[in-house]
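Q: Could you put the whole structure together from the sequences, leaning on the hints where they help?
Sequences listed follow chains A and B, in order. Just so we're aligned: the first sequence equals residues 431 to 657 in my numbering. Just so we're aligned: the second sequence equals residues 431 to 657 in my numbering.
Don't read these hints as lab results, they were simulated from the structure. Fair warning: there could be bad hints in the mix.
The list treats identical chains as interchangeable, and a pair is accepted whether it falls inside one copy or across any two copies.
What the hints assert, rightly or not - The calculated lysine to any residue pairs, modelled on SDA-like cross-linking and capped at a C-alpha distance of 25 Å, are: (1) K484 x N467; (2) K484 x G472; (3) K487 x G588; (4) K590 x P568; (5) K484 x E581; (6) K590 x I603; (7) K656 x I433; (8) K631 x K656; (9) K522 x M653; (10) K484 x G469; (11) K522 x E645; (12) K631 x I453; (13) K487 x T595; (14) K625 x V445; (15) K484 x V470; (16) K484 x P596; (17) K651 x S523; (18) K487 x N599; (19) K522 x I433; (20) K590 x Y483; (21) K484 x T580; (22) K484 x T530; (23) K651 x L641; (24) K484 x Y565.
2 protein chains.
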Amino acid sequence: LNISPLYSTFLRSKVCFTGMFGISYLPHFETARRLVNSGVLGDIRLVTAQKSYKLRKRAPFYSSRELYGGTIPWVAIHAIDWIYSLCNVDFKSVLASHSTVGNHDNGMLESSSLMMFDCGMGISASVNADFFRPYGAPTHDDDRIRIAGTEGVLEVMGGKVSLITPDTNFTNIPLVNPSHELFEEFCMEICGEGKCRVTAKETFDVTRIALIARESADLSKQMEIKL
Amino acid sequence: LNISPLYSTFLRSKVCFTGMFGISYLPHFETARRLVNSGVLGDIRLVTAQKSYKLRKRAPFYSSRELYGGTIPWVAIHAIDWIYSLCNVDFKSVLASHSTVGNHDNGMLESSSLMMFDCGMGISASVNADFFRPYGAPTHDDDRIRIAGTEGVLEVMGGKVSLITPDTNFTNIPLVNPSHELFEEFCMEICGEGKCRVTAKETFDVTRIALIARESADLSKQMEIKL
Numbered sequence: 431l432n433i434s435p436l437y438s439t440f441l442r443s444k445v446c447f448t449g450m451f452g453i454s455y456l457p458h459f460e461t462a463r464r465l466v467n468s469g470v471l472g473d474i475r476l477v478t479a480q481k482s483y484k485l486r487k488r489a490p491f492y493s494s495r496e497l498y499g500g501t502i503p504w505v506a507i508h509a510i511d512w513i514y515s516l517c518n519v520d521f522k523s524v525l526a527s528h529s530t531v532g533n534h535d536n537g538m539l540e541s542s543s544l545m546m547f548d549c550g551m552g553i554s555a556s557v558n559a560d561f562f563r564p565y566g567a568p569t570h571d572d573d574r575i576r577i578a579g580t581e582g583v584l585e586v587m588g589g590k591v592s593l594i595t596p597d598t599n600f601t602n603i604p605l606v607n608p609s610h611e612l613f614e615e616f617c618m619e620i621c622g623e624g625k626c627r628v629t630a631k632e633t634f635d636v637t638r639i640a641l642i643a644r645e646s647a648d649l650s651k652q653m654e655i656k657l
Numbered sequence: 431l432n433i434s435p436l437y438s439t440f441l442r443s444k445v446c447f448t449g450m451f452g453i454s455y456l457p458h459f460e461t462a463r464r465l466v467n468s469g470v471l472g473d474i475r476l477v478t479a480q481k482s483y484k485l486r487k488r489a490p491f492y493s494s495r496e497l498y499g500g501t502i503p504w505v506a507i508h509a510i511d512w513i514y515s516l517c518n519v520d521f522k523s524v525l526a527s528h529s530t531v532g533n534h535d536n537g538m539l540e541s542s543s544l545m546m547f548d549c550g551m552g553i554s555a556s557v558n559a560d561f562f563r564p565y566g567a568p569t570h571d572d573d574r575i576r577i578a579g580t581e582g583v584l585e586v587m588g589g590k591v592s593l594i595t596p597d598t599n600f601t602n603i604p605l606v607n608p609s610h611e612l613f614e615e616f617c618m619e620i621c622g623e624g625k626c627r628v629t630a631k632e633t634f635d636v637t638r639i640a641l642i643a644r645e646s647a648d649l650s651k652q653m654e655i656k657l
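A: Given below as structure tokens:
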């Protein structure tokens with residue numbers, strides 16, 4: 431699936447464009463963003479991220495690749511976006527896998543997926559995404575990211591942020607809210623009153639990465655990523 | 431590095447042989463083993479495991495590939511063994527990466543590594559291993575495994591075991607000790623009084639997997655695993 435013509439059309443237009451990466455505006459991710467941007471981690475070297483959802487009763491369109499798109503571009507894409515936007519690393523290549531086994535009769539919906547990204551300069555990242563979060567779990571989702579740098583390790587897990595550095599071990603950092611949420615920022619951009627943090631470029635890049643990862647999983651083959 | 435001649439020699443011999451996979455005898459892993467063996471997870475579909483150590487002052491031999499062997503066969507191998515022995519999955523292929531960046535002048539010692547395993551039948555597993563655990567952390571190691579199955583998710587983290595199923599959410603399961611520890615079992619096998627759980631076959635298999643993963647990382651190339 432080649433989305434370059436869509437991006438070219440966007441570039442020739444004057445429209446405002448963003449992707450629905452609203453999870454990254456939640457307080458735990460906003461807090462993580464500010465800490466990473468402070469440089470406290472040193473050089474980021476290894477990133478692992480997770481999406482896990484309860485399957486629940488799904489509408490029929492989830493069963494169709496044509497309508498749903500796949501678990502990598504529907505679910506894992508958020509974790510790819512965290513790596514892209516929080517860690518500011520490149521994406522050079524991907525090896526991915528996915529499987530529909532255990533999807534409780536949801537057709538083509540992949541119940542599990544795993545991706546490994548070469549981010550250049552020896553930096554690596556992985557994303558695991560699944561619909562195996564059991565109904566006994568306290569929340570619908572189990573979003574996580576662990577960012578290991580030369581000077582510290584930051585984690586988002588269970589809606590909490592932790593940071594360990596050579597001198598400190600903060601396990602439950604007070605969360606901060608972003609100044610504006612995604613939809614609010616997007617409306618402000620339309621009104622000429624500001625810029626949406628999630629740019630069109632980020633949206634197209636992350637979508638491209640997810641689609642290449644899906645193809646990698648379909649073909650069981652490592653794929654180059656060119657943005 | 432071909433270790434088949436070593437294994438052939440072992441098979442022709444009458445010696446007792448085991449690998450130093452003693453971590454898997456710790457109470458949290460023993461408890462996880464019994465839960466997995468009970469079948470409560472259903473079919474295992476997606477496994478992610480982690481090793482993270484403080485770097486600390488390392489002896490000079492860690493700087494040498496010839497003497498140390500590499501972070502994948504020295505450190506990550508334990509996580510590979512958990513996947514092998516706890517989850518009882520196959521290992522069909524691996525893509526791995528590793529990097530020495532941030533190793534604080536420890537020569538060839540890789541400070542980070544990432545592996546993705548195709549375990550056949552759409553089952554996937556990853557291992558991330560690093561020396562980036564900051565000195566501010568409360569423990570030397572940060573061992574983890576998350577096993578997602580069709581009926582439940584089990585995790586070992588921070589020396590604790592959690593299990594979520596459709597009906598329940600156990601976050602801190604009482605730990606059990608194995609009947610015997612690794613060295614004790616090995617001595618019992620030598621004395622003809624029992625069998626060591628970590629067999630020579632497991633030891634050679636897991637070592638082979640780690641060496642193939644190291645080669646995959648050295649060559650930046652997905653490699654087939656034949657055991």
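Q: Against each hint, give a clear statement of whether it holds in the structure.
A: These are the hints, each one checked on the structure:
Taking the shortest Cα distances, K484 and N467 sit within 25 Å of each other only across copies (24 Å), while inside one copy they are farther apart (32 Å). In the homo-oligomer, the alpha carbons of K484 and G472 lie at most 25 Å apart only across protomers (16 Å), although the nearest pairing inside one protomer, at 35 Å, exceeds that limit. For the homomeric pair K487 and G588, the shortest alpha-carbon distance inside one copy (23 Å) is at most 25 Å, but the shortest distance between copies (34 Å) is not. Proximity of K590 to P568 under the C-alpha cut-off of 25 Å is found in both arrangements, the shortest distances being 15 Å within a copy and 18 Å between copies.
Proximity of K484 and E581 under a CA criterion of 25 Å is satisfied inter-copy only: 12 Å between copies versus 35 Å inside one chain copy. In this homomeric assembly, K590 and I603 come within 25 Å of each other (Cα to Cα) both inside a single copy, at 7 Å, and across copies, at 22 Å. In the homo-oligomer, the alpha carbons of K656 and I433 lie at most 25 Å apart inside one protomer (12 Å), although the nearest pairing across protomers, at 39 Å, exceeds that limit. Taking the shortest Cα distances, K631 and K656 sit within 25 Å of each other inside one copy (13 Å), while across copies they are farther apart (43 Å).
For a Cα distance limit of 25 Å, the shortest separation of K522 from M653 qualifies both inside one copy, at 9 Å, and across copies, at 19 Å. Taking identical chains as interchangeable, the C-alpha atoms of K484 and G469 lie at most 25 Å apart only when they sit on different chains, with a minimum of 20 Å there against 35 Å within one chain. Taking the closest pair of Cα atoms, K522 and E645 come within 25 Å of each other both inside a single copy (15 Å) and across two copies (20 Å). For a Cα distance limit of 25 Å, the shortest separation of K631 from I453 inside one copy, 18 Å, qualifies, whereas the shortest one across copies, 46 Å, does not.
For the identical chains of this complex, K487 and T595 are inter-copy neighbours only, at 17 Å across copies versus 42 Å inside a copy, given an alpha-carbon limit of 25 Å. Proximity of K625 to V445 under the C-alpha cut-off of 25 Å is restricted to the intra-copy arrangement: shortest distance 13 Å within a copy versus 70 Å between copies. Taking the closest pair of Cα atoms, K484 and V470 come within 25 Å of each other only across two copies (17 Å); inside a single copy the shortest separation is 34 Å, beyond that limit. In this assembly of identical chains, K484 and P596 lie within 25 Å of each other by CA distance solely across copies; the values are 10 Å between and 37 Å within a copy.
In this assembly of identical chains, K651 and S523 lie within 25 Å of each other by CA distance both inside one copy and across copies; the values are 11 Å within and 11 Å between. Proximity of K487 and N599 under a CA criterion of 25 Å is satisfied inter-copy only: 21 Å between copies versus 40 Å inside one chain copy. Taking identical chains as interchangeable, the C-alpha atoms of K522 and I433 lie at most 25 Å apart only when both belong to the same chain, with a minimum of 18 Å there against 33 Å between chains. Taking the shortest Cα distances, K590 and Y483 sit within 25 Å of each other both inside one copy (18 Å) and across copies (22 Å).
Proximity of K484 to T580 under the C-alpha cut-off of 25 Å is restricted to the inter-copy arrangement: shortest distance 11 Å between copies versus 35 Å within a copy. Only within a single protomer do K484 and T530 lie at most 25 Å apart by alpha-carbon distance; the minimum there is 15 Å, versus 38 Å between protomers. Proximity of K651 and L641 under a CA criterion of 25 Å is satisfied in both settings, with 13 Å inside one chain copy and 21 Å between copies. Within a single copy, K484 and Y565 get their C-alpha atoms as close as 6 Å, which meets the 25 Å cut-off; across copies the closest is 36 Å, which misses it.
This entry satisfies every hint, going by the numbered hints stated previously.
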